[in-house]
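Here is how the chains run, residue by residue.
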Amino acid sequence: MQWETVIGLEVHLQLATRSKIFSGSPTTFGAEPNTQASAVDLAMPGMLPVLNAEAVRYAVMFGLGIGAEIGRRSVFDRKNYFYPDLPKGYQISQFEAPIVGRGSFEIQLEDGSTRSIGITRAHLEEDAGKSLHEDFHGQTGIDLNRAGTPLLEIVSEPDLRSAAEAVAYLKALHSLVTYLGISDGNMAEGSMRCDINLSLRPAGSDTLGTRAEIKNVNSFRFVEKAIRHEIDRQADILEDGGQVVQETRLYDADLDETRSMRSKEVANDYRYFPEPDLLPVVIDEAFIEEIRAGLPELPVEKRHRFIAQYGLSAYDANVLADSRDLADYFEAVAAACGDAKIAANWVQVELLGQLNRSELALAECPVAATQLGGLIARILDDSISGKIAKQVFEAMWQGEGSADDIIAARGLRQVSDSGALESMVDQVIAASAAQVEQYLAADPDRRKKLVGFFVGQVMKLSKGQANPQMVNELLAKKLV
Amino acid sequence: MITLRPRCLLGQRFPVQKTMAIEQDEIEKIAALARIRIEPAQVGQVTRRITEILRMVDQLQAVDTSDIEPMANPLDATALLRADEVTEVNRREAFQAIAPAVENGLYLVPKVIE
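Protein chains in written order, with the numbering used here: chain D, 1 to 480; chain F, 481 to 594.
Keep in mind the hints are simulated off the structure, nothing from the lab.
Treat the hints with caution; some may be incorrect.
Said to hold, decoys possible - Here are some, though not all, of the chain D residues that point toward chain F, as calculated from beta-carbon distances under 7 angstroms:
hint : residue
1    : G24
2    : T28
3    : G46
4    : V50
5    : L51
6    : E54
7    : Q91
8    : I92
9    : S93
10   : F136
11   : I142
12   : D277
13   : D426
14   : Q427
Unchecked claim - Far from chain F, by Cβ distances over 12 angstroms, these chain D residues were calculated:
hint : residue
15   : Q2
16   : G67
17   : L132
18   : N145
19   : D159
20   : S205
21   : S416
22   : L421
23   : S423
24   : L479
Don't be surprised by glycine CBs; every beta carbon is placed ideally from N, CA and C.
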């Protein structure tokens, strides 16, 4: 049977505040265990939470970024469960009245098409600590540095239909939250963690099948692999006439499979109730409008502008608008050289390629946007060929200065002096009697191919600096 | 049978039942969730006492609250927020001095594996 995959994602996003959501402890990643866990984070008796204003502001920024309703009066609730990395015995979260209501945003797929994905809600909550299960004489070690780090849990509608769409959604979300500056988006450090809800149904059906939930998948690649694996697993069960069990599964990246989490004695029953230690958060129109006015241009808007303003393809616009830094860099290159399409090419192929090979982030790039723009300008005014330009780019990467400096220092300027070129062309023709004869005997089609030999020889003679267009014109004149 | 969900606490519309009974196995489940040990001999007594409390809740359920907005907090006040500033210093040594077991800066607890 043909199955349709239905996926909804829950993303836990760590917000980039300096201090925790309910205490004044720092949130720096990688500190010595328990050095960033205060009396509030440890749930010492009598401690009370006080909400971080910045966490509220970030949540509202996200809400406005997806065009969602903002909860004007949002309430915190206790989600009760026992686990040693949650010292209070409950997590402060939001249940009935989340801060961000229904919204949506646009994702772009590999083929350039776009889809709108619904967001059910997003709510503020605190992160738990970390349990280290390595053997401490048969005990578990607890690090509470992460306890109380602000999280925004973003719940999507079951609108995604494949692993590729789920990854596109996560990338778009990553792009959005880093544009907004509300999270560092560092997946390796757990800043964006994902739970996957997945079910299958016969193609054409509009009722949902039984879903399994895959917990805590932490990279785009693992999300894709976990989904592919889970689709196969559920399809096998259904094809054999079986039924999918509603359960929580874990993705094991080493084995590339999902497996059932050992079910607890009692099914989860969180017994949510309103957190008596926190008053309702009231957000007024002025607060929202102030935040709205300060929002940056968002990825989708930028993508559309790049297409309209610079005539870029949807694909190029998507790559270049992916991060704010890259988009800014590209626009600076385009402004410096005056040709956005060539700028787009150079940024994507040469610059990103070199960054990748050197394993550098854009922020660490040794070539400034104005430098790259200056280099492209020299291609556009025929000072150098595209091939020589790559050489200049290499030199630039090594810190040899501006394009003009490098071209001058290395004597790379393209030879466009017709006298000098003519003598080189004459020299090549004189040294290639056999090829000239062959050329003259050939029909026009074949001549087009054979002329390449002469161009190549001239380029060699000029050490790549001859203006290829002029060489071609001269050859056409001389080879008669 | 009752379900302890916020809506009943929040006074939202809730189906009014004649008597709210609670079964013994439910008491055992709630006790397990709350990590409260109830000796088997006590279960019957606890069940009866909770049933009495729930009778009082029954009386409250009889009030028509359909026009009343749920109350999240009895105080007529809203949250005061704090500025995003680090105000805490590292007091690990003091906190770990009163912990039953620590090692390498970690708190040690009986082994848990999910």
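For each hint, the structure was consulted:
1. With a cut of 7 angstroms, the hint placing G24/D at the interface with chain F holds, because the nearest CB-to-CB distance is about 3 angstroms.
2. Interface restraint check for T28/D: the shortest CB-CB distance to chain F comes to about 9 angstroms, outside 7 angstroms, so the restraint is violated.
3. The beta carbon of G46/D is not positioned within 7 angstroms of any beta carbon in chain F (closest approach about 14 angstroms), and the interface hint is therefore violated.
4. Because the closest C-beta pair between V50/D and chain F is about 5 angstroms apart, less than 7 angstroms, the hint holds.
5. With its C-beta approaching chain F no nearer than about 5 angstroms, L51/D sits inside the 7 angstroms limit, and its interface hint holds.
6. The beta carbon of E54/D comes within 4 angstroms of a beta carbon in chain F, closer than 7 angstroms, and the hint placing it at the interface holds.
7. The criterion of a C-beta within 7 angstroms of any C-beta in chain F is not met by Q91/D, whose closest approach is roughly 15 angstroms, and the hint is violated.
8. Taken as an interface hint, I92/D does not check out: its beta carbon lies about 12 angstroms from the nearest beta carbon of chain F, beyond 7 angstroms.
9. Taking 7 angstroms as the C-beta contact cut-off toward chain F, the hint placing S93/D at the interface is violated, the least distance being around 12 angstroms.
10. A least Cβ separation of about 5 angstroms between F136/D and chain F falls short of the 7 angstroms threshold, and the interface hint therefore holds.
11. Of the supplied interface hints, the one on I142/D holds, with its beta-carbon coming within about 4 angstroms of a beta-carbon of chain F, less than 7 angstroms.
12. Given hint, D277/D at the interface with chain F, is violated; its Cβ is 10 angstroms from that chain's nearest Cβ, farther than 7 angstroms.
13. With 7 angstroms as the threshold, the beta carbon of D426/D stays out of range of chain F, its nearest partner Cβ sitting at about 75 angstroms, so the hint is violated.
14. A cut of 7 angstroms between beta carbons decides the hint on Q427/D: the least distance to chain F is about 72 angstroms, and the hint is violated.
15. Distance check for Q2/D against chain F: the nearest CB is about 36 angstroms away, which clears 12 angstroms, and the non-interface claim stands.
16. With a closest Cβ-Cβ approach of about 25 angstroms to chain F, G67/D is found to remain outside the 12 angstroms limit, as its non-interface label requires.
17. Its beta-carbon lying about 6 angstroms from the closest one in chain F, L132/D breaks the requirement of being farther than 12 angstroms from that chain.
18. Under the 12 angstroms C-beta cut-off, the non-interface status given to N145/D relative to chain F is violated; the minimum distance is some 10 angstroms.
19. In this structure D159/D is separated from chain F by more than 12 angstroms, as the shortest Cβ-Cβ distance comes to about 28 angstroms.
20. Here S205/D stays apart from chain F, with its beta-carbon at least about 31 angstroms from theirs, past the 12 angstroms limit.
21. With a least CB separation of 60 angstroms from chain F, S416/D remains clear of the 12 angstroms interface cut-off, as annotated.
22. With a least CB separation of 66 angstroms from chain F, L421/D remains clear of the 12 angstroms interface cut-off, as annotated.
23. Under the 12 angstroms C-beta cut-off, the non-interface status given to S423/D relative to chain F holds; the minimum distance is some 72 angstroms.
24. Every Cβ of chain F is farther than 12 angstroms from the Cβ of L479/D; the closest lies at roughly 74 angstroms, confirming the non-interface assignment.
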